[in-house]
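S.K.: These protein sequence lines map, in sequence, to chains U and A.
Using my numbering, read the first sequence as starting at 1 and increasing by one per residue.
Using my numbering, read the second sequence as starting at 1 and increasing by one per residue.
Derived pair list, reagent style DSSO-like, types lysine-lysine, alpha-carbon separation capped at 30 angstroms:
1) A:229 to U:29
2) U:42 to A:42
3) A:42 to U:43
4) A:229 to U:587
5) A:133 to A:31
If you're looking for bench data, these hints aren't it; they were derived computationally from the structure.
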Amino acid sequence: MSHQPRALRAINAGQSVADHATRLEGLEKATGAARFGRDQIKKDMLWVRLIRCPWGRASLDSLDRDAALATPGVVEVVVSGDAGEYHGDSIGYLVARNRRGLERGLQALDAKWTRLDCKTGILDDQEARAPIGDPSKEAAKAIDAADFSFEASYSTPVQTHSSLETHGLMIEPDGENSIVHASTQGTFVVADQIGRFLGKRRSKIVINCEHVGGGFGSKFQIGKEGAAGGLAAKTSGEAVYSFCDREEEHLDTGNRPSLLCKVRLGHDADGTIRGARFETFGGTGVSRRGGGARVPSGRFEFGTLDARNHRDVQFNAGGPRAMRAPGCPQGAFVEELLIDEIAHRCGLDPLDLRRRLDDSERRHQMYDVAADLIGWENRSDTGSQSGTMRTGYGIGTCDWGKGRAPAKIEVVVHPDGHLEVRTGTQDIGTGQRTAMGALVAARIGVPLANISVAIGNSRLPAGPASGGSVCTPSTAPAAMAAADLARERILSGVAEREKLDATQLTIDDGVIMEGGRKVVRWEDACRRLSEPVSVTGEFDGRASAYWGEGSSEGVQAARVEVDCETGQVFVRDVIAIQSCGLPLVRKTAESQIMGGVIQGTSYALFEEQVLDPGTGAVLNANLESYKILGSEDCPRIVPVLWRDDQTGVRALGEPPVIPTAAAIANAVFNAIGRPVRDLPLRPDRVLAALAEPMAERVVAVAPRTTDRETRA
Amino acid sequence: MNPFAYTSPKTTTDASALAGPNGDFALPVLKSGGMDLLDRMKEGLEQPDLIIDLTRIEDPALDTLDAGRIGGRVTLAMVAESEALRKSAPILGAASGSAATPQVRNVATVAGNLLQETRCWYWRMSQFDCLRKNGDDCPAREGDHRFHVIFQNGPCLMVHPSNLAPALFVLDGEVEVVGGDRTRIPIRDLYPDPAVDWRSASVLSPTEIITGVRFKSAPNSAFIALKQKQSFDWPMVSGYAVLELDGDVITSARTCAGAVAPRPHPLPQVDDALAGVSIDDEVRIRAACARSVDGADPLPGTAYKTTLLPVAIRRAVAAATNPAGVDRGGDA
Numbered sequence: 001m002s003h004q005p006r007a008l009r010a011i012n013a014g015q016s017v018a019d020h021a022t023r024l025e026g027l028e029k030a031t032g033a034a035r036f037g038r039d040q041i042k043k044d045m046l047w048v049r050l051i052r053c054p055w056g057r058a059s060l061d062s063l064d065r066d067a068a069l070a071t072p073g074v075v076e077v078v079v080s081g082d083a084g085e086y087h088g089d090s091i092g093y094l095v096a097r098n099r100r101g102l103e104r105g106l107q108a109l110d111a112k113w114t115r116l117d118c119k120t121g122i123l124d125d126q127e128a129r130a131p132i133g134d135p136s137k138e139a140a141k142a143i144d145a146a147d148f149s150f151e152a153s154y155s156t157p158v159q160t161h162s163s164l165e166t167h168g169l170m171i172e173p174d175g176e177n178s179i180v181h182a183s184t185q186g187t188f189v190v191a192d193q194i195g196r197f198l199g200k201r202r203s204k205i206v207i208n209c210e211h212v213g214g215g216f217g218s219k220f221q222i223g224k225e226g227a228a229g230g231l232a233a234k235t236s237g238e239a240v241y242s243f244c245d246r247e248e249e250h251l252d253t254g255n256r257p258s259l260l261c262k263v264r265l266g267h268d269a270d271g272t273i274r275g276a277r278f279e280t281f282g283g284t285g286v287s288r289r290g291g292g293a294r295v296p297s298g299r300f301e302f303g304t305l306d307a308r309n310h311r312d313v314q315f316n317a318g319g320p321r322a323m324r325a326p327g328c329p330q331g332a333f334v335e336e337l338l339i340d341e342i343a344h345r346c347g348l349d350p351l352d353l354r355r356r357l358d359d360s361e362r363r364h365q366m367y368d369v370a371a372d373l374i375g376w377e378n379r380s381d382t383g384s385q386s387g388t389m390r391t392g393y394g395i396g397t398c399d400w401g402k403g404r405a406p407a408k409i410e411v412v413v414h415p416d417g418h419l420e421v422r423t424g425t426q427d428i429g430t431g432q433r434t435a436m437g438a439l440v441a442a443r444i445g446v447p448l449a450n451i452s453v454a455i456g457n458s459r460l461p462a463g464p465a466s467g468g469s470v471c472t473p474s475t476a477p478a479a480m481a482a483a484d485l486a487r488e489r490i491l492s493g494v495a496e497r498e499k500l501d502a503t504q505l506t507i508d509d510g511v512i513m514e515g516g517r518k519v520v521r522w523e524d525a526c527r528r529l530s531e532p533v534s535v536t537g538e539f540d541g542r543a544s545a546y547w548g549e550g551s552s553e554g555v556q557a558a559r560v561e562v563d564c565e566t567g568q569v570f571v572r573d574v575i576a577i578q579s580c581g582l583p584l585v586r587k588t589a590e591s592q593i594m595g596g597v598i599q600g601t602s603y604a605l606f607e608e609q610v611l612d613p614g615t616g617a618v619l620n621a622n623l624e625s626y627k628i629l630g631s632e633d634c635p636r637i638v639p640v641l642w643r644d645d646q647t648g649v650r651a652l653g654e655p656p657v658i659p660t661a662a663a664i665a666n667a668v669f670n671a672i673g674r675p676v677r678d679l680p681l682r683p684d685r686v687l688a689a690l691a692e693p694m695a696e697r698v699v700a701v702a703p704r705t706t707d708r709e710t711r712a
Numbered sequence: 001m002n003p004f005a006y007t008s009p010k011t012t013t014d015a016s017a018l019a020g021p022n023g024d025f026a027l028p029v030l031k032s033g034g035m036d037l038l039d040r041m042k043e044g045l046e047q048p049d050l051i052i053d054l055t056r057i058e059d060p061a062l063d064t065l066d067a068g069r070i071g072g073r074v075t076l077a078m079v080a081e082s083e084a085l086r087k088s089a090p091i092l093g094a095a096s097g098s099a100a101t102p103q104v105r106n107v108a109t110v111a112g113n114l115l116q117e118t119r120c121w122y123w124r125m126s127q128f129d130c131l132r133k134n135g136d137d138c139p140a141r142e143g144d145h146r147f148h149v150i151f152q153n154g155p156c157l158m159v160h161p162s163n164l165a166p167a168l169f170v171l172d173g174e175v176e177v178v179g180g181d182r183t184r185i186p187i188r189d190l191y192p193d194p195a196v197d198w199r200s201a202s203v204l205s206p207t208e209i210i211t212g213v214r215f216k217s218a219p220n221s222a223f224i225a226l227k228q229k230q231s232f233d234w235p236m237v238s239g240y241a242v243l244e245l246d247g248d249v250i251t252s253a254r255t256c257a258g259a260v261a262p263r264p265h266p267l268p269q270v271d272d273a274l275a276g277v278s279i280d281d282e283v284r285i286r287a288a289c290a291r292s293v294d295g296a297d298p299l300p301g302t303a304y305k306t307t308l309l310p311v312a313i314r315r316a317v318a319a320a321t322n323p324a325g326v327d328r329g330g331d332a
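In isolation and in its complexed conformation, chain U is listed as follows (with noise of 0.2 angstroms):
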């Protein structure tokens, strides 16, 4: 039986400041005329390309470094190092006139390595590998006083960054100071650390970043091309390109670290959970730090917890840097899964035992609708159906912070009764200039047309990096503060010229109004201008009269299909409710969420750093075998925006990625009777899973009336 979900487009029409925009710039890009920093290449400048450790662990034998100085175009080979401590560790680096240069530069350059021994993961870990220790005290008591205890081990693997456009930057002279091109998401953070390595103040530096190809937590620093490309830079005083290639991006700009999370717990009869020891490892290549995951979330009670159980375990492979919600898709899977293997073993259904260990009176509003949006009630108990093709049902949920950061939106009103909105934040493929404009202008109450946004610039009004989700709840106050201004400067005008009241004065669709009467046009009343006029609203990050009420809340449920003699799972159907305060435009809203469930879903079936056991070596630092989701594999995804009567702009960036592979990984569960510990879903994981005895179930049930088999 197929159960479609309601077409749901509607749903979300009048929830946002500007149901109707679209992306501004969204020609541009479409048709390529959009610069990224990654376009910026020039006849004259220098190619920079780093020298890298082939192997998981490895020393340098050799280099001949006269043959490649001998390469035509190549113009500095520089080493630094003699090992390698993970496949894309780099040891120096090449600059070269042109591409041909560096490619045959680095050939000549003909690096011997000798392989060492090496570690490839978490398990090469003794307690990682050794079973979960024993609970505090405390809540070894909780444990014990309950009906039934639980033990489980859940896994999670390294998703790998791979940015459209690939890390790096390009730097041009200018004068005495550095254009730098940057790849970024924090125009105004990687001005410090790249003028480190020009050998030049900040105040010399301009970072331009109007357009960014995706960085989802992987773009705060200039990383070591950005590193190489500054010094090759400082020593040429000529204009130097540096970005990474496809492989050295899976290779060397972070990822999201893999997880061991053992879990012991009590529970009741009932589902309630007494108490529960979490031990988590997570799995941080050589970095010391960063392998966190976010669980238990405190959306659930665990009763008496012993939770601050966590160790990052090193090995070699390339470190993790932030990626979209870091720490949260992983502990939500292990969280949520957990969630619907108590449920299974006392007889009840997922959601109603959500609804008791859940206190969020939202997420109980919205597990109604995601319920009766996906069609919640054709769910078959779980482990119930038989046949080849088996229907899955499964929720996730999310939750995410208030956090903000201080921001300047600047308005500049033209005679022309045009408007610019300057800011030097970066749109990193979020919306975030199209954002800003739609809510200047529906704030004054001109049309989308009569203005234009520049951004992505450290010469425009300062403002947050993309992290953490604030970007747009912290540009929001300061937008709103300077649209008022703006509007209050051109009424004030008004009002004296043709002797009314300002406060009694309205905009409307680029029509100044008093009462019902229409009084002005907006570009006349503009014309009056003897010069533009430019007015700046800020956020000081803290308070502020436009910060409003709001939270970033969201369910997730999604409907799965699992083949159950070839383990395929396909995913049908995802329906995504998100609150995120006011949304202030639609279709860019409805894009955050799509884009974090596509994320999320690729997540739960395919993606996976893949090294090779002995070696260390990435095998699939590529996008033919680092799978990733495609349009076939990508579900029906319904977002809905969840508005309330919330002012206040938050937080939509980060959560929609959080509770997707939670939810499809339950959705297997319920559809095979058992769980798969272990992302990403994949068909062997899943025949493993279906080869071992149903989930045990510890309280007698009725079976329910709607129990079904059904047939491929």
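Using the hints, position chain A against chain U.
M.R.: Using the frame of chain U, we list chain A on its own:
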């Protein structure tokens, strides 16, 4: 990528004449769609000094297809879309349409598909030595070999990457060649015995060029790919079946497995077991297809493929009984 010379001859004879070591060129290479060649060159696996581009050859026979023959330069997209083939041998369109992506299929050719190199990730990475390169060992054996063989026909554990070759196996196909002393090679002889030669992608000499493939008509034929991803993925396992039916009874069957051995893996034991079986006799068909893993010797990481293969063959057989409803395995 190394510097190379480029030439685009107008005839296959000229192309063939240039393709062996000649004059200034020690490592000439033939290029048609160039999909796999470009990958190999970028990775440094191949460093040709002369590229002989076959796309300018003026010979319509290279670009035409009919119910029993496909020119070597015909693209996978054209095969996938051909009405004539849909009637005469639907297995070919299904196998072509399932390969790679629409962009690749618009460029990749039939001959190139047959002669492409393995996707083994150890072979594809230049830092690894292996039996197919200069090494004495197969790094996949102790390494991560999840996409490798279940039939160890030789020391190399690669699986053959072509979607089309096994289809031609079950269609008793032949390749037409020029540039040597033969003009036809049965497809089953195109690939070397992996126990004897595990390095060559085919038995062709450097000067031989595939100009087309011929095959018998097989309206009851089908292809099933079991892929992890439905967009742009190589099959974990694929199944191919050609049936001859007398009413509801299978009078003869030809089946073959893909992605399980260093070359397409025919399954004569399955063919024998299917003969005389009614297409409605699920029990006997299941039993026959279960024999597809007779002789399998999976690696620790490929054991799951022994579960998949009988399923792929059974589904291909089922689809072949009803070619109108051919399951294309989630074509991208």
